[in-house]
Amino acid sequence: MSATTDHLAASALSSQARVETPFRRFVSDFFESKVATGACVMLSVIIFIALFAPLISPQNPYDLAVVDVMNARLEPGEQSWSGDLTFVLGSDGAGRDMLSAIFYGLRISLSVGVMSGIIAMIIGMVVGLMAAYFGGRTDTVIMRIVDLQLSFPAILIALVLIAILGKGVDKVIIALVTVQWAYYARTVRGSALVERRKEYIEAATCLALSHRRIVFRHLLPNCLPPMIVVGTLQTAHAISLEATLSFLGLGLPQTEPSLGLLIANGFEYMLSGKYWISFFPGIALLVTIVTINLVGDQLRDVLNPRLER
Amino acid sequence: MSVFIIRRLLQALVVIFLMSLIVFAGINIVGDPVDLLISPEADQAEIEATIRRLGLDRPWHEQYGYFLLNAFKGDLGNSFIFAEPALKLILQRMPATLELAFAAMLIAVVFGIPLGMYAGLKPDSTTSKTIMAGSILGFSLPTFWVGLMLIMVFAVMLGWLPSTGRGDTTELLGIQVSFLTWDGIQHLILPAFNLALFKMSLVIRLARAGTKEVALQDYIKFARAKGLSSRRVVLVHVAKNIMIPVVTVLGLELGGVIAFAVVTETVFAWPGMGKLLIDSIQLLDRPVVVAYLLITVFMFILINLVVDILYSILDPRVRLKDVKA
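These protein sequence lines are chains S and B, in that order. The first sequence begins at 1 in my numbering and counts up one residue at a time. The second sequence begins at 1001 in my numbering and counts up one residue at a time.
Listed below are the simulated DSSO-like cross-link pairs for lysine-lysine, each with C-alpha atoms no more than 30 Å apart in a straight line:
id	chain 1	residue 1	chain 2	residue 2
1	B	1240	B	1226
2	B	1212	S	34
3	B	1240	B	1212
4	B	1129	S	34
5	S	167	B	1088
6	B	1122	B	1221
7	B	1226	B	1212
8	B	1212	B	1129
9	B	1122	S	34
10	B	1129	B	1221
Some chain B residues well away from chain S (every beta-carbon gap over 10 Å; in silico):
id	residue
11	1009
12	1061
13	1069
14	1184
15	1205
Ranges of calculated distance between the beta carbons of each label pair, as one might list FRET restraints:
id	chain 1	residue 1	chain 2	residue 2	range
16	B	1225	S	206	53 to 61 Å
17	B	1051	S	62	44 to 52 Å
18	B	1164	S	115	31 to 39 Å
19	S	213	B	1066	44 to 52 Å
20	B	1313	S	31	44 to 52 Å
21	S	56	B	1157	29 to 37 Å
22	S	76	B	1111	31 to 39 Å
23	B	1066	S	141	24 to 32 Å
It should be emphasised that the hints constitute simulated quantities derived from the structure, not laboratory data. Treat the numbers as computed from the prediction; the structure is a model and nothing was measured. We treat Cβ as the ideally placed atom computed from N, Cα and C, and that holds for glycine.
Turn these sequences into a full structure, and let the hints steer you where they fit.
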């Protein structure tokens, strides 16, 4: 509420009010929605956990000196046999604390998702800008490839790539990048086509600036807002896809267990009623994906110039 | 109309040709075809015989010719594990996957359309908000985890439904199907619902958006003004007019459902071609992977072609635009 009154006050008394920069307006628009504010807070918590997992975890789940098989498959809330550690979310088949395993898993899932998202964004952005700026045959060829790729489901492309390339962290990232770049390329091309016809590009062309300078210094910054939205939503998608691949046994290796792998490891215990080994990593994955999606949705609403607010 | 269909057919042929080139390049550049297509356990004589049969000793353009020829003849190599033609293995498992995919589509439509229409007619009610929140969840929930939870609740805790396999099958037109026996249906419910969840969310959103738009149209106002019961207005006038986008999107999504069946089949040990793919990737049974790839590509192009043609029948504007362009 106070944000909107600020808003009105700012426009009414423009001479006295503090300068309203686009960024400030963006921030106040973003936090108008309670759901989005909550999601933003939650996302910060998740990122914090992922960044500082080694510091805040009750134990290092991959330190063989700490993990004890005697503590295997304890229910949530039980104590370890030596009594120095409470397993808040239970323990898995090897006696690891699930809470710590989830913290570490979150770190791996998030970093793979974000890294593949950034690489895909850079590739998609360059290719999409080229298509829009040069037009003609370049555009046709690039967009045909994009259309062709988008007509196949992401999971299928990823599976085939893993089948050809083999397993491993780098292979998973390659697969995720290949799946995602087309979305970025299509989005950036769409907005670049509109921007390209505007006067400032014409002015830059008249100044005989190089293509590279026009594209990256003038065109690109004006195409960024939709890219941020696609970037958030695609990162959620990438995290989900990586979890699926890991669950199928085709993603990350056992030495780098993401949330998907933790869920897969708990599968065998589930049939005997030990739900917590799969259940809690799943909840962590779900909360991560939902919060990123909610933040992305709000970003889309705020950054969309067609929805005058 | 026929001009449109011929153009689309030609485009599909070009895509099939391109995809075969990409698959061929993938096999030859990324991997070594001798490694990919011949079992590591084969002896020297066997290796040489297979190399000659598949034409792997020729220059690459001739090899591509052989590859196409063999693909047309249906010879995509033999599985290392089953020692049977890869194509046969996949075709044997295809009915199970298709049965699962169609069951999932049916569930998505039967539940999705009424829920979406309700949410569109009463957008501010609590029930509608719950439905929409549910659909956001449906988009975000990873399929495989939902599958696990379904097994945990309905198979392990409540013991109502079986968790794995296909159950009793009966023969229908020479194909083994599950949905005609009670045991088969019980086995089908969980995996089909699991696979349907994502599409159901999509259908709910489409139906809601369509209903909101249609409900404001003049012909709906007129139908109400004419004194038709609101049941008739909703079930006949609104329902009919939201169908076009729902049907098209569902057609396009059929391919996605078949691809995502890979995950559901693995969770529920459903003996379809998706599970075969995962097993083959893990056992490095490459001929099966290559054959799966070619078959799915072919299937996708076919589905897209059929949807394009159906769409042009439902909505003449598409066809006119394409012929003019």
